[in-house]
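Residue numbers (the numbering used here), protein chains in the order written: chain A, 1 to 295; chain B, 1 to 295; chain C, 1 to 295; chain D, 1 to 295.
Heads up, some of the hints might be wrong.
A pair counts as met if it fits within one copy or between any two copies, since identical chains are not told apart.
Pairs of lysine to aspartate or glutamate residues, derived as EDC-like cross-links and limited to a Cα-Cα distance of at most 16 Å, are as follows [to be verified]:
1. LYS83 with GLU65
2. LYS212 with GLU257
3. LYS221 with GLU146
4. LYS229 with GLU146
5. LYS288 with ASP251
6. LYS187 with GLU151
7. LYS187 with ASP9
Since the hints were derived computationally from the structure, they do not count as laboratory data.
Number of protein chains: 4
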Amino acid sequence: MEINGVTIDNTYAEAFPTWICRIIITAVTQEWAFKAATEATGFATSAIGCPCEAGIENEFIPGNETPDGRPGVSILICASKKKLKEQVVERLAECVLTAPTTAVFNGIQNAEEKIPVKLHFFGDGYEYQKEVGGRKCWVIPIMNGEYIGEEEFGMVKGVAGGNFFVMGENQMAALMGAKAASDTIAKVKGVITSFPGGIVASGSKVGSLKYKFMVASTNEKYCPTLREKVPDSKVPAGIKAIYEIVIDGLDEKSVAEAMATGIKAACKVPGVKFISAGNFGGTLGPFKIELHKVL
Amino acid sequence: MEINGVTIDNTYAEAFPTWICRIIITAVTQEWAFKAATEATGFATSAIGCPCEAGIENEFIPGNETPDGRPGVSILICASKKKLKEQVVERLAECVLTAPTTAVFNGIQNAEEKIPVKLHFFGDGYEYQKEVGGRKCWVIPIMNGEYIGEEEFGMVKGVAGGNFFVMGENQMAALMGAKAASDTIAKVKGVITSFPGGIVASGSKVGSLKYKFMVASTNEKYCPTLREKVPDSKVPAGIKAIYEIVIDGLDEKSVAEAMATGIKAACKVPGVKFISAGNFGGTLGPFKIELHKVL
Amino acid sequence: MEINGVTIDNTYAEAFPTWICRIIITAVTQEWAFKAATEATGFATSAIGCPCEAGIENEFIPGNETPDGRPGVSILICASKKKLKEQVVERLAECVLTAPTTAVFNGIQNAEEKIPVKLHFFGDGYEYQKEVGGRKCWVIPIMNGEYIGEEEFGMVKGVAGGNFFVMGENQMAALMGAKAASDTIAKVKGVITSFPGGIVASGSKVGSLKYKFMVASTNEKYCPTLREKVPDSKVPAGIKAIYEIVIDGLDEKSVAEAMATGIKAACKVPGVKFISAGNFGGTLGPFKIELHKVL
Amino acid sequence: MEINGVTIDNTYAEAFPTWICRIIITAVTQEWAFKAATEATGFATSAIGCPCEAGIENEFIPGNETPDGRPGVSILICASKKKLKEQVVERLAECVLTAPTTAVFNGIQNAEEKIPVKLHFFGDGYEYQKEVGGRKCWVIPIMNGEYIGEEEFGMVKGVAGGNFFVMGENQMAALMGAKAASDTIAKVKGVITSFPGGIVASGSKVGSLKYKFMVASTNEKYCPTLREKVPDSKVPAGIKAIYEIVIDGLDEKSVAEAMATGIKAACKVPGVKFISAGNFGGTLGPFKIELHKVL
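Chain A on its own, in the form it takes in the complex (with noise of 0.2 Å):
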């Protein structure tokens, strides 16, 4: 399969499942809600040596999607159950609370599970209830004024690791490549790509063939300069930079839309050659994005 000229695949990315939050930051202005998120998002791009994996979803403005009408972003926090609950917890109470301006809302209202997060003995006292835009908030009296939020999150069963490869004929054309890519992700609803920029440079395998300690090494057979050092390297011939989207989601439709509409942006850069998607052979995760299918 061909797009713009560009080869496609015929591979799959292989997901797992996450315990995923939803939390809508609302602050005066854009600007501000964004400088919250991206603290509270931040050193979580992947669950193998972060506490978790989180990033920005989507973002509101004008306000009238918001529970209290102001701009807003939401942002995913995906994690295992039990360090989930923790994370939203301490990412919540030390990057957000503590910034200028900001309310914060449940972004999953219907889930059936919830975590509790009592931010509201931070007000030694002082706090009070108030319902904001039909939902029970605490009020928190701050130096900057009140601190408005939400105290019980929705938590659902979304994907992790779903991804695709944009290789390219030089280092550039594949950054360039995956940037155009991970820009139009960022407008996918339901998704967030948790690396830095959304792009990952230094793909793992499981584990390591040579040094027994380490839970990952790099993933050989996709680095180029080992194209001709080791024996089955999956590099096409031509390649000279591969970079990964990671995506993670709510739902499987969601990381397949992203997916689809990443690629698409890719092929439109002039020097990336080849989409291709990690997977494990299909032992480990239960979901099987298929390229083919999705675009």
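Following the hints, put chains B, C and D in place on chain A, whose structure we already have.
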């Protein structure tokens, strides 16, 4: 004391020792160095609930100040000695090694104490050593080409918790005053402001009067909405919002310089009325940075 | 009438007809389309002293709404019929054709009147025709490869000078209110705000009382510092700063929608106290957009 | 000559005299100074079709280098003597006086020739004089408070058209090389790059071979797609895209420094293969800036 009609309180900021690593991240362009640095310094506002405090310190464009001559930024990571090593390793491994086109260098070459960060095991035996700009680096084959990094990072005892309060006649005046301060401090060498946008909206006190299980709670004496409700409010008459700028730095001199330049910037913003600073009566921190002295 | 505690004046914005071109600029990534569009719409705040009024209307990411499927933005250029042709030609030739990776398409296909923009002569005979997304385009060989562009642009009679005033208890409150409004209007289709950041700090009246050679001068009735000095000041009590949001759009409906959404956004910002609009007693412009009706 | 494996052509940039004004724009925060400056320097890429050439030269944060101590930027406006006065007046009146919180100061105090810019008539008699930072300024009451500005601007004979070509093995490599160059040049004092993003995609030659009415047309000798079609192509083998960086500056030394730092930055980007410069055989411009000399 007054600057530009703004009253400067005759008080001091009380600050504490912290261990700090300084890391130089370079990339193909300024944009990509910032993306990596932003991810690597996220979820790092306060040591109370985050695993460390971190932020972007300085930018290097043109790249003639970086070991590889490319554009870059330096970041500071601040924590206890034990936590610092773990945080530097994880943040470099998950947020910088994974980011497009990055390289990483030690930002404090003459430090007596050093942290080893052995990312080269990620190369699974394909890694090799190379000198870059006179630094001994490891080159790790990855999907986008080769990652280059030093693996020993100087660690020094610095200063955490330098601070001042920007008080405004209303919230937007205080916010813009704090923003002007934080923009300015971003240009001071040797310091970071770890909170979202460099600004704290919800300063805290140690512990809680009402909830014994809380390690920190709202500093009700500085809450404008509680001015008439708490007996010993420190909110001056006419003040409707307060932001705190918290500064960590490599030494007391840099923190003091950042405080001075930040305060002067805030005092230029119309509606900013009062500047103060936070301390614990001098009982906790060894550093006392007096506002009237630094200005 | 009040919104969120902010008084909405019972008045109307008086607006005028203008000729408008809508141009779609695409590029390899969103960033490069914006850079070209920003340059092409600069020096274009007010028809009084600038050769036209212009601004960015809409963004297209993902690119599936653009003729070539790439990310892009649309801009509006507004002027008299005669000046419009000249301005479209010069701005496309100097600011878009010269920008990296751009292509240009007609943004109003069903317009009755059209402007010819014969950039293909720049190709000096090496240019050729090609269909892109069903559009008849010229391809011009240039240094970075090939520029692609349509050469006929629809021109419609639109509306210039839609407006409202954001009045604040101090300057920073008014500024942030105006910013919230302008951010929101940026998402409304069919309109632009041509002033810097979408905001006017120095509204004017026609002519001058004192200097006969001036075609426009400060609107002293709306100057807060002159409130006690001019006999018939329109500055409400307690107002210290006023910003005007000026909106040009393809039709009255779009302009009215932009006014409504912008006013609602401004009213969410603390310290914004009063909203009004500018008119000339209804003697000049055929469009009267009443605040109470659109809200 | 080679830098980092990139061939540097043994040639020179041919540049021309131009009159230049340097204007310092300050505002409440860096953001608002940039917004005003961006509008004021738009539609100003090339003197061929734009009324002037203009760009942002330098930023001042902290504000201790500006007359009013606020953050700011300086811009350069370049044109013939006659046009320069008109352009400075119109761009300040329409794009800076209208922008939130701005003040304006003369950026070349010791110039022998000066342009009068009498914006104070806009005050309609309510304006008054005031000294700010040792400068004689006019204060004009406007809607957002008071605009402050000097009204005499130094004008010097500078250099326009300093340039170099970044040639890449494909378009994205050349673009990122040009971007790295332009980012770097943005930090050099005394210079601007007036084109979108600082980069020219469509270099031109004087006149046209085929269309006698054209004053400029594509420089076919530097068009990669015409390499096999024109007899004397200057596109080196293997080059698929060329970007030109055009630099205007206050003197030859600044322009030469910008060229040197920009070329070095471009040579760090993988896929950049060749650097050259544009000239007219030395017959037109008095300045010949040789690549091998400046590097």
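Hints violated by the structure (numbers, ascending): 1, 2, 6 and 7
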